[in-house]
Amino acid sequence: MTSTPQPRTVPLTCSGHTRPVVHLEYSELQSDNTYTLLSSCKDGNPMLRDWLGDWVGTFLGHKGAVWSARLSGGEASYAVTGSADFSAKVWDTFSGQCLHTFSHNHIVRSVAINGQGTSILTGGHEKKLRLFDLNRPTAEARLLTGGPAAEKGLAHDGNIRSVVWSRGDENVVVSVGEDKVVRHTVLKKHTLDVTPSSASLHPLNADRFFAGETSAGWVRIYDFESGEQRELHKGHHGPVHCVSYSPDGELAASGSEDGTIRLWQTWHGKAYGLWGG
Numbered sequence: 000m001t002s003t004p005q006p007r008t009v010p011l012t013c014s015g016h017t018r019p020v021v022h023l024e025y026s027e028l029q030s031d032n033t034y035t036l037l038s039s040c041k042d043g044n045p046m047l048r049d050w051l052g053d054w055v056g057t058f059l060g061h062k063g064a065v066w067s068a069r070l071s072g073g074e075a076s077y078a079v080t081g082s083a084d085f086s087a088k089v090w091d092t093f094s095g096q097c098l099h100t101f102s103h104n105h106i107v108r109s110v111a112i113n114g115q116g117t118s119i120l121t122g123g124h125e126k127k128l129r130l131f132d133l134n135r136p137t138a139e140a141r142l143l144t145g146g147p148a149a150e151k152g153l154a155h156d157g158n159i160r161s162v163v164w165s166r167g168d169e170n171v172v173v174s175v176g177e178d179k180v181v182r183h184t185v186l187k188k189h190t191l192d193v194t195p196s197s198a199s200l201h202p203l204n205a206d207r208f209f210a211g212e213t214s215a216g217w218v219r220i221y222d223f224e225s226g227e228q229r230e231l232h233k234g235h236h237g238p239v240h241c242v243s244y245s246p247d248g249e250l251a252a253s254g255s256e257d258g259t260i261r262l263w264q265t266w267h268g269k270a271y272g273l274w275g276g
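Residue numbering for the sequence shown follows numbering that gives the first Met the number 0, starting at 0 and increasing by one per position.
Don't take each hint at face value.
[Claimed, not checked] DSSO-like cross-link-like pairs, simulated, lysine-lysine; straight-line CA separation at most 30 angstroms: (1) Lys41 with Lys126; (2) Lys269 with Lys233; (3) Lys233 with Lys41.
[Claimed, not checked] Label-pair restraints from in silico Cβ distances: (4) Asn104 with Thr33: 31 to 41 angstroms; (5) Leu191 with Arg135: 41 to 51 angstroms; (6) Thr33 with Gln96: 19 to 29 angstroms; (7) Phe223 with Arg135: 21 to 31 angstroms; (8) Gly95 with Gly226: 37 to 47 angstroms; (9) Gln29 with Ser94: 12 to 22 angstroms; (10) Cys97 with Leu130: 29 to 39 angstroms; (11) Leu130 with Asn32: 31 to 41 angstroms; (12) Asp132 with His236: 41 to 51 angstroms; (13) Gln29 with Ala270: 36 to 46 angstroms; (14) Asn134 with Phe93: 15 to 25 angstroms; (15) Asp91 with His236: 28 to 38 angstroms; (16) Phe93 with Leu51: 26 to 36 angstroms.
If you're looking for bench data, these hints aren't it; they were derived computationally from the structure.
Ideal placement from N, C-alpha and C gives every residue a C-beta, glycine not left out.
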């Protein structure tokens, strides 16, 4: 049986970073149907781009790798970053000014913002989940604990790799630690032929997910229900560390060890942005 030829996809390449890109975050869709993209990089300089991938600005102030960056809801008026310099920072996305710096005792690997934009959550090598109130930025952070690690005042027994705020419930957060514990409910599980570094579910159809590969520069698209691979694309010159769909589902972004961000069209041949169709 002859397989169906796969469309050749040429991604847009966004340059500017000088070291591996490790995290990507899209804003919500704006009233004019545009959005922004925030990238975290080991060069310590998170960058903001518009929906076409064009550079908007760089947030300068961290003195170590930036592992995570998040945008607030609505107009994405501020951003939060977590860094290897033992700090999390809050930035004004219009002026680029640093509004607050929250010091930690170890590397901050992940940050999250609640839906109302009033609180931020941090996690990292302290093994603690810290909750900061942006209305009282000088107040002591609240520590969230759980499971066996709670006896030691910790959230996990291993370094915390990722924290996410639930969109459906402001009182629910998800944390992933190197102690092999994910504090949340698994809704769907697939076993893939490769080791994924990151995955992103399509925001509108939820019929597919986009995944990067830890050992090579490939990006893959899988069917959400069956887990079967739909598409395979090559573009990066090193492992893919992070992926994310745009809020309108038209693009998927990937960040790599090669220091670039690449933007991939979801529907090949459709006129969108810099793609003429």
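Against the structure, the hints come out as follows:
no. : hint                                   : result
1   : Lys41 with Lys126                      : holds (21 angstroms)
2   : Lys269 with Lys233                     : holds (20 angstroms)
3   : Lys233 with Lys41                      : holds (23 angstroms)
4   : Asn104 with Thr33: 31 to 41 angstroms  : holds (39 angstroms)
5   : Leu191 with Arg135: 41 to 51 angstroms : holds (44 angstroms)
6   : Thr33 with Gln96: 19 to 29 angstroms   : holds (23 angstroms)
7   : Phe223 with Arg135: 21 to 31 angstroms : violated (41 angstroms)
8   : Gly95 with Gly226: 37 to 47 angstroms  : holds (42 angstroms)
9   : Gln29 with Ser94: 12 to 22 angstroms   : holds (18 angstroms)
10  : Cys97 with Leu130: 29 to 39 angstroms  : violated (20 angstroms)
11  : Leu130 with Asn32: 31 to 41 angstroms  : holds (34 angstroms)
12  : Asp132 with His236: 41 to 51 angstroms : holds (43 angstroms)
13  : Gln29 with Ala270: 36 to 46 angstroms  : violated (20 angstroms)
14  : Asn134 with Phe93: 15 to 25 angstroms  : holds (20 angstroms)
15  : Asp91 with His236: 28 to 38 angstroms  : holds (34 angstroms)
16  : Phe93 with Leu51: 26 to 36 angstroms   : violated (19 angstroms)
In summary, the numbered hints that this structure violates are 7, 10, 13 and 16.
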